[in-house]
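Residue-level listing of the chains:
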Amino acid sequence: MDLKDKLVSSFMAFENNVDVEHPVHDIRSEAIKNFEEKGFPTKKEEAWKYTSLKSLQKVDFSIFPKEVNALEYKDVKKFFLHEIDTYKIVFIDGIYSSFLSETTHDGVDICLMSAALSKPMYKQVIDVYFNKIASKDESLTTLNTAFSREGAYIYIPKNKMPKKPIEILHFSTGNEASLMLQPRSLIVVEENAELQVIERHQSLTTNEVLTNAVTEIFAAENAIVDYYKVQNDSKTASLIDNTYINQKSKSVVKVHTFSFGGKLTRNNLNFFQNGEYIDSTMKGVTILGYKQHVDHHTLVHHIEPNCESHQDYKGIYGENSTGVFNGKIIVDKIAQKTNAFQQNNNILISDKATINTKPQLEIFADDVKCSHGCTIGQLDEDALFYLQSRGIPKKEARALLMYAFANNVLESVRIPELKSRIKKLIAEKLGVSLGFDL
Amino acid sequence: MDNIYIKNVKMLKINNLHAGIEDNEILKGINLEVNAGEVHAIMGPNGSGKSTLAAVIAGKEEYEITKGKVVLDGEDLEDASPEERAHKGVFLSFQYPVEIPGVSVTNFIKTAINETRKAKGLEDMPANEMLKLLREKSESLEIDRKFLSRSLNVGFSGGEKKRNEIFQMAMLEPKLAILDETDSGLDIDALRIVANGVNKLKSKDNAIIVITHYQRLLDYIVPDFVHVLHEGKIVKSGDKELAHELEEKGYDWIKQEAAV
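Read top to bottom, the protein sequences are chains A and B.
Everything in the first sequence is counted per this note's numbering, starting at 405 for the first residue and increasing by one.
Everything in the second sequence is counted per this note's numbering, starting at 4 for the first residue and increasing by one.
Chain A with its partners taken away, still in its complex shape:
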């Protein structure tokens, strides 16, 4: 049985374990119909031209983990930002781990989607926000919607800010020969509220994992959201990340995506600007080797006037790795005075690595500033010579230059401990030690 058929037929079994009376279940039923009709996207579709899901569909993924696995904190500590205190929402093989988590209801709700979907006190928020911004016809998003049951639920009321950043961690333990996970998260940040989130998917074995995640983020007037995605997974872990962000006036949302690993990673990052004076920022550093593949698909939809969007993606591709950047900017006719910037710079450090980069601008307003630039190059030989002439060996010199190349993206990381962690990951990824923290 291929994966699509398996998923569709699993939906009945799934229904035995959820409250089918809940209004959300109607949404799920609609969603599975859409997925059944469309199936997995193929390379014939423009948006999937460079990313094939074919081989993943041949894997006999378990759709539901059979048993709960436990993890000791000490064994997974390194995946947490343990240098600082954080709230933690942790899942092991898709199942919530209360042991590793630290949630709160103290003025803000930092807890679980399963709780939000079952307890009456959350019903109002769910009714207003759940599946409101996520696509209702993109097949993988609807697949996730159909099986939506567990993930992070964060609600920050007006004028509030959680005392510490929130970490959302999804571990897979290899309990199953191969496992498919579909976390579904909802994040609502009300007026004047603020939030910092670090999200990570981490496989702990070499067993195959496929994660198809959907996160909806709603930022109300003047809200500030910093969202960091750390993607440094094992070579047998694949991730399809679908993030939908709805912004209201004067809100500022920044998403940083650090893609350093995994087998196949597809990031669908979608911003919708429903208000004026909105600032949307998407930044990314991608460093790949082996046969790894990362595909960044961004979308910013400028719906109202006087808004800004900033995109800055840097990629370093080695060995047989492949990368894709597709940045779509839509400026509606009424969205005058839009400022939209897009930048994608790539360095190929191997003859066998490839990158496909494409800006996609659809501008219907006439008074806008839009700029885009893509570059693909090698390391600057003159710069390399400069460093070597100071006694810095070639390998270290190359690493320093690559670090400098990615540095712009790191500058806006607002959690210092995260910034230094990312710098260490970069140094590790580049295989150097320079005697100071990069």
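There's no promise every hint is true.
[Claimed, not checked] List of simulated lysine to any residue pairs, SDA-like, C-alpha gap at most 20 Å:
| no. | chain 1 | residue 1 | chain 2 | residue 2 |
| --- | --- | --- | --- | --- |
| 1 | B | Lys121 | A | Val836 |
| 2 | B | Lys149 | B | Met133 |
| 3 | A | Lys828 | B | Gly105 |
To be clear, the hints were calculated from the coordinates, so they are not data collected in a lab.
We have chain A already, so just place chain B on it with the hints.
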């Protein structure tokens, strides 16, 4: 046996050097000898090969040596990488220093010093010693402390870039320093500070090669020898008076003389 000759070995000996990029020969038979304690100036019109000569001595890989050799302390540098040459004491002050965002001046210099020490089998320089050295050298070049934590060369003015080059030179204490057009883009005050910095580093054990288009810098860094480069060859050598003569008469008479 070898020891007997060491005293007679020139620090730098360039013998019939031909070099270029791909099929374009730029250096066409350079001969130059530099001893410890000496300051040599290499002058010449644009395109005469001055910067190429500097880059070839420092080991830039895109240049191919087709004939002749560069010998440092009796050792042919042919197979030495730029970093190995740096470890042996060669320093090149760049005409266009490279910007490295995210790496501070201090961290860059620390890395350079410790990589050189590592190559010599030494431990990293102790932090307090490094700090003392940084303070001492930055003060002597009138470099502000804040400057040291800025990203290397990023947003530096022309003068700051050149001063930073000389600061690196002061920190690394090279045996052979090559200053490539260090005076370009400097106003007279900056020129004086940079020149003073260079003069402080002069000793009987090291040598300096000053590459310049104009005589101006040589008022401050006084050369023992002046060489004129033209079309990839040294066509004339003399003392500091030659530099003055060039300043007055330009390069045309040299070109004519060379053509004869």
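Now for the hints, and whether the structure bears them out:
| no. | hint | result |
| --- | --- | --- |
| 1 | B:Lys121 - A:Val836 | 15 Å, holds |
| 2 | B:Lys149 - B:Met133 | 17 Å, holds |
| 3 | A:Lys828 - B:Gly105 | 14 Å, holds |
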